[in-house]
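Take the given structure of chain A and dock chain B to it, following the hints.
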Amino acid sequence: MKYEKEIKQAFKVSIPVMMGYGVLGFAFGLLLVSFEYPWYLAPIMSLFIYAGALQFVAINFFNAKAGYVDIAIATWFINIRQSFYGLSLLKRFKKTGKLKPYLIFGLTDETYALLTTIKDDEQLKKRWYYFFLTAFNQSYWFTGATLGAIVGSNIKFNTAGLEFSLTALFVVLCIEQYKNLKNAVPFIIGGVASFLALCFVPSDKMLITSIIGSLILMFTFKRRVENE
Amino acid sequence: MSSYEIYIAIVIMAVVNYFTRVFPFLFFRKNDLPPYVVFIERFFPAVIMTILIVYSVKDVDFSLAPYGLKEAGGIVFTAVLHLTLKNYLISIFSGTIFYMALVQYL
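So the protein sequences, as listed, match chains A and B.
Residues 31 to 258 in the numbering used here are what the first sequence lists, from first letter to last.
Residues 81 to 186 in the numbering used here are what the second sequence lists, from first letter to last.
In isolation and in its complexed conformation, chain A is listed as follows (with noise of 0.2 angstroms):
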């Protein structure tokens, strides 16, 4: 095989996400179809957007029939964070030709925090593993939201309160956001302003106005949020 050294590496460096991305892919096709949504979209947004937290939340804009302005500035502060991924790769990227508008697409957190942490051999040919890297852990992803929508339309189970998962996950990347940054202040932000959004604006209107309000608070509170 052509590429069988980097195709080895790749894989081998990807094991650790294998298990991440297969199980919360699973829940993601599972939760997709217990609102009665047809499993191959489960396949279609994992091919297309790859995106975790961003495919889990895409369910609630589908059920809350969000308007798609909102969908668009939603999207865009969710993955905020991944706009920076980007800064620390552009050395790394620049000699990758034709493989890079695929590279830069499958920049998730993960694949990211892999990409950055882990020595490069001087041996391989670093486009290609990095391309099979990125392919592998895009493959995860796909494989587990697939099965997870197919296993989860053909064997019907009490799946009542199965959404708690996202709300899991977002606990989750708090902490692992506090233990970074160490200050409480952007999630006092972020829990005033959704917490007034909860009580003032209808729900289908809650998250853009949470986002815009916390965006207001963390420039008026600037000092605050800086220094503490």
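These are computed hints drawn from the structure, not numbers from a lab.
All clues given are correct.
Straight line, CA to CA, 25 angstroms or less: simulated DSS-like cross-link-like pairs of lysine-lysine: (1) A/Lys124 to A/Lys32; (2) B/Lys138 to A/Lys95; (3) A/Lys156 to A/Lys130; (4) A/Lys155 to A/Lys125; (5) A/Lys35 to A/Lys156; (6) A/Lys235 to B/Lys138; (7) A/Lys209 to B/Lys166; (8) A/Lys155 to A/Lys35; (9) A/Lys42 to A/Lys32; (10) A/Lys121 to A/Lys35; (11) B/Lys166 to A/Lys42; (12) A/Lys38 to A/Lys124; (13) B/Lys166 to A/Lys212; (14) A/Lys128 to A/Lys155; (15) A/Lys156 to A/Lys32.
Just chain B now, with coordinates in the frame of chain A:
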């Protein structure tokens, strides 16, 4: 949403999501980031995660018994588990199963 609207929504999410990932490759070099961009980058992920927790329980009616206590219980359970065991898969799955048990058996 109708299936037509769902496909449009998927296209929008796919395009915007790709845009967020391709953004730095299009616009920036590491040293000339405007300070407000750095500020948002550093602190907004924490803000949005908090918002998304509240967003994910927005359809709960807090004025009726049990007043959102099941959701609060699930959140506390998940958080405690994650702080002690530090394994995100265990936290998410046990938290979800705990909440499903509360909803289905209480």
